[in-house]
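**Q** For the protein sequence lines, the chains are B and V, in the order given. Position in the first sequence counted from 1, then plus 4, gives you the numbering used here. Position in the second sequence counted from 1, then plus 1321, gives you the numbering used here.
In short, the hints are calculated from the structure, not lab data. As the structure is a computational prediction, the values presented were derived from the model and not from experiment. It is possible that part of the hints are untrue.
Computed cross-link-like contacts, SDA-like style, restricted to lysine to any residue with a CA-CA straight-line distance of at most 20 Å [as the list claims (entries may be wrong)]:
1. K1346/V <-> I45/B
2. K109/B <-> K121/B
3. K15/B <-> K1418/V
4. K1418/V <-> D169/B
5. K27/B <-> A58/B
6. K1395/V <-> R1344/V
7. K119/B <-> T1405/V
8. K1409/V <-> F159/B
9. K20/B <-> R1344/V
10. K20/B <-> E1347/V
11. K1395/V <-> D1427/V
12. K55/B <-> I88/B
13. K119/B <-> K1409/V
14. K1418/V <-> F114/B
15. K119/B <-> D169/B
16. K119/B <-> S1402/V
17. K20/B <-> A1357/V
18. K1409/V <-> I45/B
19. K1411/V <-> S65/B
20. K1433/V <-> Q1423/V
21. K1418/V <-> Y117/B
22. K1418/V <-> I45/B
23. K20/B <-> K1435/V
24. K119/B <-> A1410/V
25. K1435/V <-> T1405/V
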Amino acid sequence: MTEAEAIRLFKCLSDKSRLQILKSLAIEDMYVERLAERLGITAPTVSFHLKKLADAGAVTSYKSQYYMMYSLKKDIFETSILKILQEESDEAEVQAQRDAEYRQKVIDTFFEYGKLKSIPTQRKKERIVLEVIAQAFEYDRIYTEREANIIIADFHDDFCTIRRDMVGEQLLDRDTNGYWRVKQ
Amino acid sequence: MIEEKVSKLNSYFEEQIAICGRRNKELLDDERTDEANFEKVKGNVYDIFRTILSVAVKTSQGDSNAVQHFFVQKAQQIPSSWVTSYDKAKQHNDVVKMQIEQIKLDAIGEIKEKFAKIWEGAE
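With the rest of the complex left out, here is chain B (with noise of 0.2 Å):
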């Protein structure tokens, strides 16, 4: 588990209703009806709670009937809390994993359900808004200028600015062919 696996599965398991749930789930398999009975909240209230356990990698889901049932990972709460201590946190893994969670802080702030929510004005940021927008463009195909918009346009309606920032991004290129995905 890495350092900022651990931090995401500690926090959230610092809730007493989510607590309460893997508490539930550790004697069975649950839905969620019958966790909010269980526990005296409401349904909502605990598929919230669920969504952030399974994102921390604390419980798995799978169907069975008409039910989606939740279940503990019991291989996340195998593992010893003095292990996970004595992982060597390497420098470079460090910074790597800080530069991760900066890029995905950046794509939830602009992007909403795929879609770009705006251009950023900080370079940087808008450097890896269009490193995802030129992640749906093939490598080694060649793009007409209206297939290339249409990409873009799925993401953002101001495609010319954006196709344009990709080329001086050298994250496409072109000539009188059209445009591909430069190789990084």
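For chain B, the structure is supplied; the task is to place chain V on it using the hints.
**A** Then chain V, alone, in the frame of chain B:
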């Protein structure tokens, strides 16, 4: 007459805000931070509409119909973005966001009902 209705509504808002504040504190003391935050969200909705009521009263110069029109209009306008946000979250199965938007929508539903009752003199 209008003063009495406004006073009743203000008392209602103050009471709800106080309840949410109390629940928020209780839940925080019970280490239920997210649920405590839900109460804060709910309290904010009551606070927003308490402010809207005071603006409605100020701008309507004692005209009961104008107050009602202003308040009801805002009670429809403001939550429309919450509905959009809820629908979008539902579409993407984002239960965390759905829960927050649902809390706001439930609170505004209650407010609208209370306003109608008090303004029509049923309370």
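**Q** Check each numbered hint from earlier against the structure, then list the numbers of those it violates in ascending order.
**A** 4, 6, 12, 18, 23 and 25
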